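K.L.:
Chain residues, written in single-letter form:
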Amino acid sequence: MATKVLPAREPRSIGRSLLMTLPIALWSFLMFHGWYSRPNRSQLIAGIVTCAFMVVLFFMMMRTWSTYRWRRWFFVALGLLFPVGFIHTVMVLRGTMGIPIEEMIAGRTPFCFIPIPLLILPAAFTEAIVFPGSILPNGGMSGGGMAAMVGIWLAITIVVGKGWCSYACFFGGIEEGMAAIPAKATVRKIDSRWRYGPWAVLLAMTLLSLGLFESAYCMWLCPFKAVSEYVAARNTVGMIQNGIFVLLFGALVIALPLLTKKRTQCAFFCPFGAFQSLFNKTSVFDVKIDRTRCTPCALCQKSCPTMALTEESIARGETLMSCMKCGACVDACPKDAAVWHIRGTEVAVKPERARLMFLYAAWSMAIMFGGSIIAQGLATILHVFV
Amino acid sequence: MATPFAFGEALVLGLASGPACVASCGPVLVPSLLAERTGLRLNGRYLSTFLATRLLGYLLFAAVAWELGTLVSFRTTERSWVFAVIHLLLAGVLLRYAWSVGRACNHSCASPELVTIGGAGKHRIPGAAVLGFLTGVSLCPPFVAAGVRAAEAANVAAAMLFFAVFFLGTSLWFVPFAGFGWLRRNEAVTTVARMAMVLIAFYYLYAGLMTLIRKSVYGY
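Taken in order, these protein sequences are the chains called A and B. Take the first sequence: its letter number 324 is residue 324 in this note's numbering, and every next letter is one higher. Take the second sequence: its letter number 181 is residue 181 in this note's numbering, and every next letter is one higher.
Careful, some of the hints might be misleading.
[Claimed, not checked] If you want the footprint, here are the derived chain B segments under chain A, 3+ residues with CB under 8 Å:
1. 171-182
2. 199-211
[Said to hold, decoys possible] Per label pair, the in silico range of CB-to-CB distance:
3. B:Tyr218 - A:Ile101: 15 to 21 Å
4. B:Val148 - A:Ile152: 41 to 47 Å
5. A:Ile181 - B:Thr38: 41 to 47 Å
6. A:Thr310 - B:Ser216: 47 to 53 Å
7. A:Glu352 - B:Leu15: 57 to 63 Å
[As the list claims (entries may be wrong)] So the derived list for chain A, only partly shown, Cβ under 8 Å to chain B, looks like this:
8. Trp199
9. Ala204
10. Leu210
Hints in this document: simulated from the structure, not taken from any laboratory. Predicted model only: the values in this text are computed from it and were never measured. All C-beta atoms in this analysis are idealised placements derived from N, C-alpha and C, irrespective of residue type, glycine included.
Go ahead and model the full structure; you've got the sequences and the hints to work with.
P.N.:
Shown next as structure tokens:
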């Protein structure tokens with residue numbers, strides 16, 4: 001059955017869009033306040049540009065009613081600029097991207113959220129943390145201390161659920177950018193069982209972390225070690241580890257997204273993504289399919305970057321628990337059947353209100369985490385020229 | 001050595017080492033148990049088979065090591081060989097098990113049985129038995145701790161008895177795993193378990209090969 005496309009929605013008025021953007025503009029100004037008073041000119045410019053960038057993107061979301069394409073600009077910028085700022089900081093502090101194993105054991109490493117699920121079992125059994133990071137306040141290069149960072153992550157996660165993976169994760173942007181390059185996917189048929197990959201990695205790595213008493217994922221399987229800090233290759237083991245990191249990065253973050261137009265690392269591999277899916281049950285926001293409007297054209301299914309929609313889930317009027325709330329399906333639906341939704345309310349009743357409430361929460365988080373990372377990366381680049 | 005006190009010590013040592021045993025055997029036990037079909041009885045049978053053959057592994061190792069008189073001073077070079085071979089065997093069995101689970105899912109029958117590995121003929125062995133035996137003969141830290149104490153036994157029978165009581169203590173920590181039988185099994189759970197088994201098998205394969213290479217190249 002041919003899909004009858006609804007007429008394109010008129011853009012929201014500029015005045016109304018500005019009014020809706022005002023809270024985000026204020027929040028953004030507050031978040032970047034410290035950047036304006038920095039004596040370094042490159043940092044000052046980076047702060048102003050990033051603040052404006054985040055506000056303009058939100059304004060465009062309001063004006064065009066579209067979420068995904070504007071969020072993608074932010075997310076790709078975050079993915080590309082994170083390694084720039086991070087590598088620069090690591091090089092300044094340590095002189096190398098290679099981290100010696102003794103530094104890891106001593107917890108003198110920056111905080112990363114991905115191994116959070118891997119530290120739960122060892123902590124429960126032995127009251128010890130295997131994650132390479134300090135649990136003490138002000139420990140580690142992050143400066144915040146792991147306990148505080150885990151607390152912030154938990155608070156945000158309870159609100160946005162797996163929205164974390166689309167608005168806060170500083171790794172997913174590279175593959176999202178890669179997936180956006182080709183006009184059409186070369187590989188279109190993907191076995192749906194690969195969706196279980198993240199759960200398998202989570203199970204295997206959690207058990208191995210407990211057995212080996214080290215964060216097995218960080219030591220062996222993290223593709224993003226290729227663009228952050230790798231294990232110092234002092235021996236054969238170190239070289240094998242780095243070889244695995246580069247291979248996984250090349251395959252999951254570069255090649256496969258180009259071939260499939262999907263976020264393959266997130267959809268088929270990331271253990272944190274699987275863990276975060278559990279919190280989609282606690283989040284008040286989700287995406288629903290209004291069955292009364294849906295003519296199963298499967299455009300939403302095709303547009304989903306993580307295969308979180310199946311024929312069965314569409315028939316049930318919902319996404320799978322792995323939905324990252326990126327908004328791709330909502331934007332793609334020609335019948336406005338894919339809608340933002342607040343739990344406990346009726347489906348498709350004021351979906352724009354649900355979208356707004358979610359975006360205020362998610363974009364505030366994006367500015368807080370991603371904004372400062374983008375500004376840091378930008379300042380590093382500008383420092384070369386200014 | 002063969003006094004009530006020593007056996008009490010073996011039991012306490014086993015109880016105290018239980019979490020370390022669970023951590024050591026968990027990567028093998030949990031995915032394979034999840035890959036089995038649902039049902040408390042079937043999962044209980046899996047666990048019983050796993051633990052029985054694990055005990056067999058313990059006793060066999062204790063007997064051989066005690067007879068050789070090297071329970072404690074087991075030379076590092078020989079230990080490396082044992083480690084490497086066990087790791088490679090574990091990798092092979094886990095890969096075969098993951099494959100067998102797929103076949104078992106396709107050939108479900110009215111009375112579910114434990115997933116077996118091996119040919120379709122008479123010589124099929126429950127995967128739980130093989131995995132239990134291999135984890136039993138693995139030299140995990142609690143096992144070495146028990147070995148140090150059992151080495152002081154007057155004879156091989158006392159050493160084996162010490163190991164048996166120690167095993168009893170550690171086994172209590174495994175009892176909750178029978179509760180996995182209550183978990184609903186569907187394609188998702190089985191597929192995740194199979195994929196996890198393959199990943200863990202790759203780790204053991206790497207560990208075994210690296211030990212062999214290190215031994216061949218560097219001699220330790």
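K.L.:
Decide, hint by hint, whether the structure agrees.
P.N.:
Quick rundown of the hints versus the structure:
1. 171-182: violated (count 0)
2. 199-211: holds (count 5)
3. B:Tyr218 - A:Ile101: 15 to 21 Å: Roughly 19 Å apart at Cβ, these two residues keep to the hinted range, so it holds.
4. B:Val148 - A:Ile152: 41 to 47 Å: For B:Val148 and A:Ile152 the Cβ distance comes to about 46 Å; the hint holds.
5. A:Ile181 - B:Thr38: 41 to 47 Å: Holds - the Cβ-Cβ distance for A:Ile181 and B:Thr38, about 45 Å, lies within 41 to 47 Å.
6. A:Thr310 - B:Ser216: 47 to 53 Å: holds (49 Å)
7. A:Glu352 - B:Leu15: 57 to 63 Å: holds (60 Å)
8. Trp199: Holds. Min distance 4 Å.
9. Ala204: Holds, about 4 Å.
10. Leu210: With a closest approach of 4 Å, the A:Leu210 hint holds.
Hint check: a violation occurs at hint 1 only; the rest are consistent with the structure.
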